[in-house]
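Trainee: This is what each chain is made of:
Number of protein chains: 4
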Amino acid sequence: MYVKDIKWKKGIKVNELVEQMGSTGFQGVELKKAADVIIKMKKSGAKIYLTFTSNMVTSGLRGFFAQLIKLGMVDVIVTTVGGIEEDIMRSIGEKFTIGDFYSDDVELYEKGVNRVGNLFIKNESYAKFEDWMRPSLKKLYEQKKIWPVSEMLNEMGKTIEDENSILYQASKQNVPIFCPAITDGAFGFHLYLFQQDNEGFVVDVVKDFANILFSTSQDETKGLIALGGSISKHHALLACLLNGGIDYAVYLTTARSTSGSMSGATTKEAKSWGKIKDDSDAATVIGDVTITFPLIMSYVLDELGI
Amino acid sequence: MYVKDIKWKKGIKVNELVEQMGSTGFQGVELKKAADVIIKMKKSGAKIYLTFTSNMVTSGLRGFFAQLIKLGMVDVIVTTVGGIEEDIMRSIGEKFTIGDFYSDDVELYEKGVNRVGNLFIKNESYAKFEDWMRPSLKKLYEQKKIWPVSEMLNEMGKTIEDENSILYQASKQNVPIFCPAITDGAFGFHLYLFQQDNEGFVVDVVKDFANILFSTSQDETKGLIALGGSISKHHALLACLLNGGIDYAVYLTTARSTSGSMSGATTKEAKSWGKIKDDSDAATVIGDVTITFPLIMSYVLDELGI
Amino acid sequence: MYVKDIKWKKGIKVNELVEQMGSTGFQGVELKKAADVIIKMKKSGAKIYLTFTSNMVTSGLRGFFAQLIKLGMVDVIVTTVGGIEEDIMRSIGEKFTIGDFYSDDVELYEKGVNRVGNLFIKNESYAKFEDWMRPSLKKLYEQKKIWPVSEMLNEMGKTIEDENSILYQASKQNVPIFCPAITDGAFGFHLYLFQQDNEGFVVDVVKDFANILFSTSQDETKGLIALGGSISKHHALLACLLNGGIDYAVYLTTARSTSGSMSGATTKEAKSWGKIKDDSDAATVIGDVTITFPLIMSYVLDELGI
Amino acid sequence: MYVKDIKWKKGIKVNELVEQMGSTGFQGVELKKAADVIIKMKKSGAKIYLTFTSNMVTSGLRGFFAQLIKLGMVDVIVTTVGGIEEDIMRSIGEKFTIGDFYSDDVELYEKGVNRVGNLFIKNESYAKFEDWMRPSLKKLYEQKKIWPVSEMLNEMGKTIEDENSILYQASKQNVPIFCPAITDGAFGFHLYLFQQDNEGFVVDVVKDFANILFSTSQDETKGLIALGGSISKHHALLACLLNGGIDYAVYLTTARSTSGSMSGATTKEAKSWGKIKDDSDAATVIGDVTITFPLIMSYVLDELGI
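Protein chains in written order, with my numbering: chain Y, 1 to 306; chain U, 1001 to 1306; chain E, 2001 to 2306; chain B, 3001 to 3306.
No lab work stands behind these hints, which were simulated from the structure alone. Since the structure is predicted, the reported quantities are computational estimates derived from the model, not experimental observations. A few of these clues could be false.
[To be verified] Below 20 Å or equal to it, Euclidean Cα-Cα: the simulated DMTMM-like pairs (lysine to aspartate or glutamate) are: (1) K3010/B / E2094/E; (2) K277/Y / D2104/E; (3) K1145/U / D3162/B; (4) K2128/E / D2075/E.
[As the list claims (entries may be wrong)] Some chain B residues well away from chain E (every beta-carbon gap over 10 Å; in silico): (5) E3030; (6) Q3067; (7) F3096; (8) N3123; (9) E3130; (10) N3198.
The beta carbon of each residue, even a glycine, is placed where N, CA and C say it ideally should be.
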């Protein structure tokens, strides 16, 4: 395929521009490949795993993830606990502010503002989250004492009333949310406080491993869309590996492969593990997901005629 | 400003999506800021410098650059010599192929194929370029013996017949193209061969420094759109610095600032030099220009109603 | 402080070269700053948290971590589960091979070889790990049914006989190892299999959150050495934040801060959260830890006269 | 080869640590490979090209480059003009200050301080440079009117009295310095001013292309050590390509290969061009050269017994 020149036209649509990127070089063409892999993934009837890290929930991708779940584009979610916390904060009315990468961090601290890149989260939002967690955990404990993580998150999602919430849509669409390091955040601190006063309260992560393991099977076609790296990406890969490997995989990341990290590991490397099948369709796009993911998915949704 | 969630809608336009990115975090919001800076730059009547490296010409951005010149969005260009060579190759019918980052490079070599990331350029294209250069230089030499680079490129552009050519559109729109390291490529080799046989033939780079220096003035409002780094970016900055500094600046790059390179230098750093004025509008977007630049400019062009 | 030129001399020692880097720019001087922060950290009697990701254990840093524990340079460890698995594999005689980033991954897969960057791990090593895990879990279960992660790892370390093992040295020196996502690896799969056959076997991650929370206190001086990112880094930061924040912090990473990820988050950003105190000593070094960490620690150990 | 664990010992030497890195993974082992390639390069009697960008001269590598020239480790240099300027500034007593990446750039500007990453250069240093340039150019013009760049730099080097100066050592050892974009800096501005008043003064870059072209031959064994990217790296590659390609190549860079830039281009990609021979020894190390280069060269010099 030859390189073709990009041409703008008045009122150009996203799918038209992404289509054109498919005839350019470097990450432009990789982005179009990623979109094509996701289209095939969906058309094949694959079970689709979407993984992302908490910072993407802080950014405006949160409601977009919720929309994708609602539209039936996602079957299983794996994320880090910060993403859960911030989805809940947003759903109870808290707002995050767009700030600056070069802020005066000591000044922010004094104002009770926490920085995530160029975004700000107020201490108040954590306080509101605490107010929500306590009664929520109490209700769960009244049901039973031992909770696998995904079952806990599913119950919580049922009580959220926000169309744009990941937890809400996931519960509604019966999409399990896995979070292998559930204690690694404010959520974990509240679990700890609750356990102090409520004997026998246990979060059963081993049982939840069984849940993600049986979220698919050897026979099922499997697809993965991994945004960023971390244990979210690794956990989905692991679950699929134990079920014979992934058929369609798309990685969007800013990390590089030269230090051997999971975040930077490519779809190519995954083939050596059998995580991704030899003959699978796979694409890796280097770039910030706040840009690449909306582009890719807008193309996919328009092409699928959803 | 609060973070808002991204929402897809059927047939979403590029300017609608970029508008939404303006309420997200990380590079999404920086991309929207960059678009806004360019809109202000244009509305202010600034002289606009566009700089890019040769790999971007290899990719499908070449015709897009030509289109932007044609639409009056660019007043001065600075680039590396590979970009000149490849614009000429394309304009005489040569094509570049979309390949793979993980190609077998020894095999490619044996086939006479040269790799630039995931793009391929054939040896033949260099041969065709050579065929074009010889008579072209001869004609120039008949006019005069001493040539500043931008004047040479302007003459060459006049002889190209291709709407999608950067050199063609630049000549037509009277947009000078500066190329401070004109010998650093096949072009340089042909200059050398020509000089062997044609006494007194000189490429006067010092005179061309005067040309870029007088391409603007202290009084003029100045804007810079720098894609990638290298001497292209630095040369435009230098010319503007000597004319009092830049009023509007947008940097799109994949390089990081932590090693002190020009490619990774931010608009913030440029302020210490007076390259960019203290109170200027400036934005830096980290990402591959094959993705970020078409997005930004499509938004800009649609918003400007061009 | 002025830049001084680096000078080589015959048989130059690591601490002499690092000393010289302290008078250079870019990451050289940041590396020296990081070494100085660790020296202050140690001299202040701080509780020292060392966090790393599993790929660093795959590389030859494993025995170096063990040595640092042995030398009393580390008080608490946080890592990902792959690091535990690979430490155990190595301690039972398995070996990892140095390979190539550009390997043929499908061929590797067919040979039962898994790639981590330019390193290879054989399937056999996972089989040997499995053989080790089963009896080990059985012995634990005989002691009690509910296990916080760090207590489990401490018991396991007692049974390892390898001076170069992280688990062995940690048990011996009474250094707790936290691993907030213990199920995210082969280890998790074996926990799951064991739970199938052994009723009431639970890994209590919430209880282990209490353990890391009480691993220090408000009054204690705290230091953090975070290698790479991921939940390891975040978990240590969180535990220290809940105890009033860190006094001395060193981050070594290859990730960049522009996408808002935890891996790329700087010590500067951490100040907005109160994770790192306003007036703390902190340094961030961008570079591969297989290079930067041995350099830094060799300087530190030599300067401390350990 | 198996991964071996790194072990610190009291007073460990640089060559001992680099030796150990050769048995680790990721960039550690690549660094050791790079050192081995340079040793072979030197032992083979190759003509050695060293390329670097100006920011590396700003950092403390300047005197180290001078030392390497003095020790006979370099035969040809290619750099950017900022590197020339700053070598001269340092040689006439100017000093650069170690600052901070997060400086207040507007404040720096007001103080007449220019930032390069975490380094500062005062406006005064540029004024002193100007004072040096004027008489220097005058003397050259008295000799002849038309100057190829490398001949000009060679003459200038003869007038410098500083053991630590790159230009001084290069002149003394008869090592040519090529600088394909000589006008891209304050140097260029002074060339322009001089040309205004001195008719017929020309810098002949085409003639200098001949000089670098004939700096080697098809028959000669050729080696390249490229620090960072930019035209410096490209120009050396081009000259060697036209002489049959490079036999030994080492790239040290922070740029990534995913955007098709010259800075990020790997030694692997270079093989497709014939820039590096198929069977050549080559290594690419990702990392900041202020750290990687002194490590590598200290090992090389100690092993060569220089």
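Trainee: Work down the list of hints and note, for each, if the structure agrees.
Mentor: Each hint tested on the structure:
{"no.": "1", "hint": "K3010/B / E2094/E", "result": "violated (29 Å)"}
{"no.": "2", "hint": "K277/Y / D2104/E", "result": "holds (14 Å)"}
{"no.": "3", "hint": "K1145/U / D3162/B", "result": "violated (40 Å)"}
{"no.": "4", "hint": "K2128/E / D2075/E", "result": "violated (30 Å)"}
{"no.": "5", "hint": "E3030", "result": "violated (7 Å)"}
{"no.": "6", "hint": "Q3067", "result": "violated (6 Å)"}
{"no.": "7", "hint": "F3096", "result": "violated (4 Å)"}
{"no.": "8", "hint": "N3123", "result": "holds (17 Å)"}
{"no.": "9", "hint": "E3130", "result": "holds (21 Å)"}
{"no.": "10", "hint": "N3198", "result": "holds (35 Å)"}
Violated hints, listed in ascending order, are 1, 3, 4, 5, 6 and 7; each of the other numbered hints is respected by the structure.
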